[in-house]
Amino acid sequence: MNKFKSLIGGVALSVAIASSALAAGVELNASSTGLAMQGYDPVAYFTEGEPTKGDYRITTLHDDAMYRFSNEENKAAFEANPEAYLPAYGGYCAFGAAMGFKFDGDPTYWKIVDNKLYLNLSQDIQERWEGDIPGFIEQASTNWETIAEKTPAELQAQ
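Those letters in the sequence shown? Residues -23 to -1, 1 to 135, by mature numbering (1 follows the signal peptide of the UniProt record, and there is no 0).
Since the hints were derived computationally from the structure, they do not count as laboratory data.
Careful: at least some of the hints might be erroneous.
Claimed, not checked - Label pairs and their in silico Cβ distance ranges: (1) 90 <-> 3: 21 to 27 Å; (2) 50 <-> 104: 32 to 38 Å; (3) 57 <-> 81: 23 to 29 Å; (4) 100 <-> 134: 24 to 30 Å; (5) 50 <-> 85: 19 to 25 Å; (6) 53 <-> 104: 33 to 39 Å.
We treat Cβ as the ideally placed atom computed from N, Cα and C, and that holds for glycine.
Work out the full structure: start from the sequences and follow the hints.
Next comes the structure, spelled out in structure tokens:
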């Protein structure tokens, strides 16, 4: 009976975590299950200098989105100061935000500029973004004030 109660407790906890993760707002680019950054470790860009898949067993919930980490040290660093590691524009494509849209940010197309992580949709989009990074960041930051609370579909319908 104890194993059964333990199993039910674990399932209830999983459902609670999944339910709260589903509440991730439209300002965050998260999967339908609430997973942010396609499971990549946001801290590793700064510590390893490359995209690194997080471990499904090393996670934390932040703003109703689930982040994965490649090690406990990265998780602790994130929990101590999430703003230092979160990607700009909720993890949406930085070039897309500059254009007034929300496109998926691919964690393998990234750049750190002034200690901030930026993601892009694809290699060709990243190359366009790199043509005027300061200008596109300024444009995206201005646009973000009006698009952050809108869904990607709402923006494409305008």
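Need the list of violated hint numbers for this structure, in ascending order.
none
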